[in-house]
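Make the complex out of the two chains shown on their own, each in a separate frame, by following the hints.
From first to last, the protein sequence lines are chains A and B.
The numbering used here puts the first sequence at residues 2 to 351.
The numbering used here puts the second sequence at residues 12 to 286.
Derived from the structure by calculation, the hints contain no laboratory data.
Ideal Cβ placement from N, Cα and C applies to all residues, glycine included.
Among the hints, a few may not be true.
To be verified - 30 Å max Cα-Cα, derived DSBU-like pairs, lysine-lysine:
no. : chain 1 : residue 1 : chain 2 : residue 2
1   : A       : Lys315    : B       : Lys280
2   : B       : Lys35     : B       : Lys269
3   : A       : Lys109    : A       : Lys174
4   : A       : Lys213    : A       : Lys314
5   : B       : Lys225    : A       : Lys288
6   : B       : Lys269    : A       : Lys312
7   : A       : Lys109    : B       : Lys280
8   : A       : Lys288    : B       : Lys269
9   : B       : Lys205    : B       : Lys269
10  : B       : Lys166    : A       : Lys288
11  : B       : Lys35     : A       : Lys288
12  : A       : Lys213    : B       : Lys280
13  : A       : Lys288    : B       : Lys280
14  : A       : Lys109    : B       : Lys269
15  : B       : Lys280    : A       : Lys312
16  : B       : Lys35     : A       : Lys315
17  : A       : Lys314    : B       : Lys269
18  : A       : Lys314    : B       : Lys280
19  : A       : Lys312    : A       : Lys213
To be verified - Simulated restraints on C-beta separations:
no. : chain 1 : residue 1 : chain 2 : residue 2 : range
20  : B       : His195    : A       : Asp292    : 29 to 37 Å
21  : B       : Ala276    : A       : Lys314    : 40 to 48 Å
22  : B       : Arg75     : A       : Gly263    : 38 to 46 Å
23  : A       : Gly263    : B       : Asp43     : 39 to 47 Å
24  : A       : His11     : B       : Gly87     : 41 to 49 Å
Chain by chain, the residues run as shown.
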Amino acid sequence: MSHQVMQKQHFWTFVENLARSHRLVGPVAHPEQGYAFEYLDDRWRDLVLDYPPSQYPPKSILFPRQETLLAYSLDEMPPRVEASITVGPTAIFGIHACDLHGIRCLDKVFADGIPDPYYQARRAAALLIGVACRPDDECFCGSMGTSQPPEDGFDLFLTELDTAWLVQVGSEKGAAALAENAEIRPATAEEIRRGQERMAARVREQKGIRIKVEHLPLLFGGEYHDPIWDELGERCISCGECNFVCPTCYCFDVADEPDPAGSAGGRRVRIWDACQRPDFAAVAGGKNYRDTAAQRNRHRFYRKFLYPVLKYKKSFCVGCGRCVRSCPVDIQIVETVNHFVEQRLPGGTS
Amino acid sequence: MTESPYVPRWATIRHIRRETPSVKRLELEFEDGGRLGHQPGQFVEAGLLGVGEAPFSVSSSPRRADSFDLVVRAVGRVSGRLHELKTGDRLGVRGPFGHGFDLARFRQRDVLVVASEMGLATLRSLIHEMLEERLLYGRLMILVSAPTPEQLLFKDELAEWTNRRDIDFYVTVDRAPDREWSGHIGVVNTLFQKVQFDPKQTVTAISGPPVMYKYALLELLGRGVAPASIFLTMERRMRCGVGKCGHCQINSVYVCQKGPVLSYADAGKLEEAFA
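Bound-form chain B, shown alone (with noise of 0.2 Å):
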C-alpha cells in the first residue's frame, strides 16, 4: 500500500497564548525537525488520536521555519480538547492541504486586507509574510474587526501594526460594553470610509463570517475592485483534507483542493459559496 494521507505529524506545544476568553493561540513545532511548508491561506488537519480531527488555518509567516502556529477557538469537541493541552503536549497534524493565496498576485499592486473575527487568524499569515517581504508590495491597508474589544485577536501585533508609518492599519469593534474603548465602533463595513484607494492597483484579500462577504463585496464591488482581484477564504467543514469525504464541497468544487482561498472571480460563480 502506498502511503495513507491520514497518517499525521507529531507536533509538540512550544507556548500557548491566550488570544481571547474563548481562543488560544498554539505556537508548535514538528518532532521531525521539520518544516510546514506552508503558504498563506492554506490549511492543516490537527487533533488527537482517540478525539479526532479539525480543520484549521495556519496563522504564522510561511518564512518562520522552526514552528507555526494554529489558533483555535473553543466551538467543538476536538477544540475544546485542544484547548486543554499544556505546553509541551503533543498532537497530530497532517497538511499543509489547498491552495493559499497567490504572492504574484499581491505583488506590486496595493493590498487591502479585511478581517473580520477568527478571520484575522487565517490572514495573519498572508500579513506577516507581506511585512516581512514590504518592498515587494504597495500600499497596505489592514482592515480588522471584532464583536467586542476582548475578542480581538493578536492584541499585542495590533497596537504595533498601528504604530507603523507603512501600513493604513483600522480596528473597530461592534460594540463596546466595558466602556474602556476609545478607537471605532461599528461593523467592518463602516472602516471602508475612512481607506481611499485605487481600485485597479488594488488586491483584497478577505477572512471572516459569512454575513460579513455580503457586505464587504457589496463594498468592494462598487468601488470597482475586479472579481478576480478579491480574495476570499471559504470556511468549511473540512474531514479529510484530500478531496474525498465530501464535506467542504461548494456546488462542484472541493474546498480543500481548490480553496479554501478562492477568488471571487470563482467563488461568485458558486451558487452555495455565500449561502
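Next up, chain A with everything else stripped away, as it sits in the complex (with noise of 0.2 Å):
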C-alpha cells in the first residue's frame, strides 16, 4: 500500500473531520498515572500521539474489561434473550506497533473455530490508525519481530518527520479515510526512507531475547520442569496484573448480573480473567488443575511464547514489557528466556 505525508498543521482538521463519521479513542494523559486509551468524543484535542507505553493497551476498545453477551428479561416466558451489540465506526489512534500486533493475535483467537461475533463486531468498525513510538526500558519488541506494524494488521500508520506525519496506508479502509478526511499527498522515496530510519533508530538501544522468535518451540520444548518455575512461583502473589495488562491475554469468566431487586431483566457478561488468579483452573467440587504459582507461572510463559507460536505461527508476546512494568514482584520476561537460552543454546539463535 501506499505512503502519504500529511502536514502537521492539517492534523487537527483530520481529526475533527474524522469525528464526523466515527466516535474517537486515543491515548490521553493522566497526571501521575502516565497514557491511557480512551473514548474521546469531543475532548478529542486531549489526544496524544507522542508517548511512552501506555499501563493498558487499547484491547479493551475491541474486547472490553466487562461486556454484555446477552441481555435478557424474566418477565416473559420462555425469557427474552437479546445478543447483539451496537457498535458504530470506532477509530482507534495512537496505537503502538506491538499493540497492533496484539490485536494481529485476537483477531486469529477470535476467529478461530467458533468465532467470537462480538470481538468481530468491533474489531470490522474499528479504524486501526498506528503511531510510531517511544520505547522505554522495558520493551523489547525489536527481538520479537514487532516494532514495525503487521503487514495486514492496521489501516493507518503514522511516523514523525519535522513539520509532517509520513502515513503508511495499509488498507483499504484507511485509503478511504484518509482520502475522505485529510489534506495530504504522496510521499517521496526519501520521505519514506527517512521514516524507516526513525523507526529502525527507536529499538536500537533496547535488550532482547536472544532467541528466533520461529526457534522458542525448540527452546519452551525442554523447560517444562526447570527449577526457574519454583523460582518464579516462590515470589508470585498472583494478583493476575500480568494477564490484564498484555495485549493478547484473553481469558474471561462468564457470569450473571440480575438488575437489581424488583427487577426481572439483567445480563449475561464477560468478564477478563487471569489464569494468574489462583482458582482459575479450579472446578466443582474442589479439585485445582493449577495449584501452585509456579504451574500457574509456567502456563502463561507457554501460551505466549509456545503454545500459539505453534498453532498460530506467531509468538503471543509482542514484546511492550507491560506485564514486567505491573508487576508488584519483578517477575521478568525477557531475563527468564534469556536464561533458558543460556542453559541450552548458549549465545542464542538470534
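This is the structure we're talking about:
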C-alpha cells in the first residue's frame, strides 16, 4: 500500500473530520498515572500521539473488560434474550506497533473455531491508526519482530517527520478514511526512507530475547521442569495484573448480573479473567488443576512463547514490557527467556 | 452481528429422578421440538438466567430423539439451583460441545468401560448407544464403582445390566457402612482381576475422578492395551464451551474443543492432564 504525507498543520482538521463519522479513541495523559486509551468524544484535542507505552493496551476497546453477552428479561416466558452489540465506526488513534501485533493475535483467537461475533463486530467497526512509538527500558519489540506494524494489521500508521506525518496506508479502509478526511500528498522516496530510519533508531538500544521467535518452540519444549518455575512461583503473589495488562491475554469468566431487586431483567456478561489467579483452573468440587503459582507462571510463559507459536505461527508476546512494568514482585520476562537460552543454546540463535 | 454462541435453547424438565442424596437426573426436552444431536461423551452448558451456567455431560443415548438426560450433582451455585427445579420448569442449554467418543474406533472391537462415581453419568450415553446396536460391538465389559452403595448412580439400570448375558458387568463400592451390601467391596481397580480380555482386541472408555485414572491407566497399560485404544473424559471448568475463555485448557489443548474425550495417546503427552 502507499505512503502519504500529511502536514502537521492539517492533522487536527483530519481528526475533526474523522470525528463526524467515527467515535474517536486515543491515548490521553493522566497526571502521575501515565497514558490511557479512552473514548475521546468531544475531548479529541486531548489526544496525544508522542507517548511512552501506556499502562494498558488498547485491547479493551475491542474486548472490553466487561461485556454483555446477553441481555435478558424474565417478564415473559420463555425469557426474552437479546444478544446483539451496537457498535458504530470507531477510530482508534495512537496504537504502537507492538499493540497492533497484539490485536493481530486477538484477531486470530476470536476467529478460530467457533468465531466470537462480539469481538468481530467491534473489530470490523474499528479504524486502526498506529503511530511510531517512544520505547522505554522494558520494551523488547525489536527482538520479538513487532517493532514494525504488522503487514495486514492496521489501516493507517503515522511516523513523525519534522513538520509532517508520514502516513503508511495499510488497507482500503484506511485509504478511504484518508481520502475523505485529510489533506495529503504522496510521500517521496526520501521521506519514506527517513520515516523508516526513525522507526529503526527507536529500537536499536533495546534489550531483547536472544533467540529467534521461530525457534521458541525448540526452547520451551524442554524447559517444562526447570527449577526457575518454582523460583517465580515463590515470588508471584498471583494478582493476575500481568494478564490484564497483556495485549494478547484474552481469558474471561462468564457471570450473570441480575438487575437490582424487583426487576426481572439482567445481563449475562463476560469479564476478563487471569490464569495467574489461584482458582482459575479449579473445578466444581474443589480440585484445582493448576494449584501452585509455579504451575501458573509456567502456563503464562507457555501461552505466550510456545502454544500459540505452534498453532498460529505467531508469538503471543509482542515485547511491550507491560507485564514487567506492572509486576509488584519484579518477575522478568526477557531475563527468564534468556536464562533458558543460556542454559540450552549458549549464545542464542538471533 | 452473526449469531451469538451464548444464546441458550430452552428446555423443559419432563422428569426428575433422585439418583443419590446429592445427585439428580433431569430428563429434558427442547421447547423448539428439536433434538440435541449429541455424540456420546459430549457436554452441554446448562443453567438459569440470573444464576449462571455449568458444564454437564449428556447422559442419555444419542438415539433418543425427543429428550435427553443431564445428571446433576449439587456441588456449586448453578448445580444447587438446578436441584431446586421442579418438573415443567425451564432451563437454558447450549451445545453439544467438543468431541465425544469416536464410535468407529469401538465397533467390531471388545469394549471395556470403567466408570467411577460421576463417571458413569458421562459413560452412560456410550453404554446405551452400544446396547442399542449391540451386534456392532464384540464383548462388552462394564466396571462400575462408587464410594458407597447409596452413591451408585442408575441403580435400576445396574440391576438390569447384571442380568444381561451379553454384558460382563461388575460393580464395587469402596465401603459399605450399612452392611446391606452383599456385593464386591474395594476400589474399581480390584474389579480388573475379574475380567480377562485380549488387550489387542479391546478398546476402553474411562471416566471418573483424577486419582482413578492413575490406577486404571497403570492396570490397562500393564496389560498391554495400546494408549490409542484408551479413551478418557477430561473434567475441566468449561465456562464458554467455544474454545475462548481459557479455563478448560490442559497445556495447549482446549478440552471443550478437542475433548472432553481424549485418547491416552493424546492425553498422555499433556503434562497437566493428570496433575
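Consistency of the hints with the structure:
1. Lys315/A / Lys280/B: holds, 23 Å
2. Lys35/B / Lys269/B: Holds: lysine 35/B and lysine 269/B sit about 28 Å apart, inside 30 Å.
3. Lys109/A / Lys174/A: holds, 20 Å
4. Lys213/A / Lys314/A: holds, 13 Å
5. Lys225/B / Lys288/A: Holds - the C-alpha atoms of lysine 288/A and lysine 225/B are around 15 Å apart, at most 30 Å.
6. Lys269/B / Lys312/A: At roughly 14 Å apart (the allowed maximum being 30 Å), lysine 312/A and lysine 269/B satisfy the hint.
7. Lys109/A / Lys280/B: Satisfied, since the Cα-Cα distance of roughly 25 Å is no more than 30 Å.
8. Lys288/A / Lys269/B: holds, 21 Å
9. Lys205/B / Lys269/B: violated, 33 Å
10. Lys166/B / Lys288/A: With a Cα-Cα distance of about 27 Å, the restraint between lysine 166/B and lysine 288/A holds, given a limit of 30 Å.
11. Lys35/B / Lys288/A: holds, 21 Å
12. Lys213/A / Lys280/B: Holds - the C-alpha atoms of lysine 280/B and lysine 213/A are around 26 Å apart, at most 30 Å.
13. Lys288/A / Lys280/B: holds, 21 Å
14. Lys109/A / Lys269/B: holds, 18 Å
15. Lys280/B / Lys312/A: Since the Cα atoms of lysine 280/B and lysine 312/A sit roughly 17 Å apart, the hinted pair holds (cutoff 30 Å).
16. Lys35/B / Lys315/A: It is violated: about 46 Å lies between the C-alpha atoms, which goes past 30 Å.
17. Lys314/A / Lys269/B: OK: lysine 314/A and lysine 269/B at ~19 Å, within 30 Å.
18. Lys314/A / Lys280/B: Holds. Lysine 314/A to lysine 280/B sits at ~21 Å (cutoff 30 Å).
19. Lys312/A / Lys213/A: holds, 17 Å
20. His195/B / Asp292/A: 29 to 37 Å: With Cβ atoms ~33 Å apart, the hint holds.
21. Ala276/B / Lys314/A: 40 to 48 Å: With Cβ atoms ~25 Å apart, the hint is violated.
22. Arg75/B / Gly263/A: 38 to 46 Å: Because 41 Å falls inside the window, the suggested range holds.
23. Gly263/A / Asp43/B: 39 to 47 Å: Taking Cβ atoms as reference, glycine 263/A and aspartate 43/B lie about 31 Å apart, which means the hint is violated.
24. His11/A / Gly87/B: 41 to 49 Å: violated, 59 Å
In the structure shown, a violation is registered for the earlier hints numbered 9, 16, 21, 23, 24, in ascending order.
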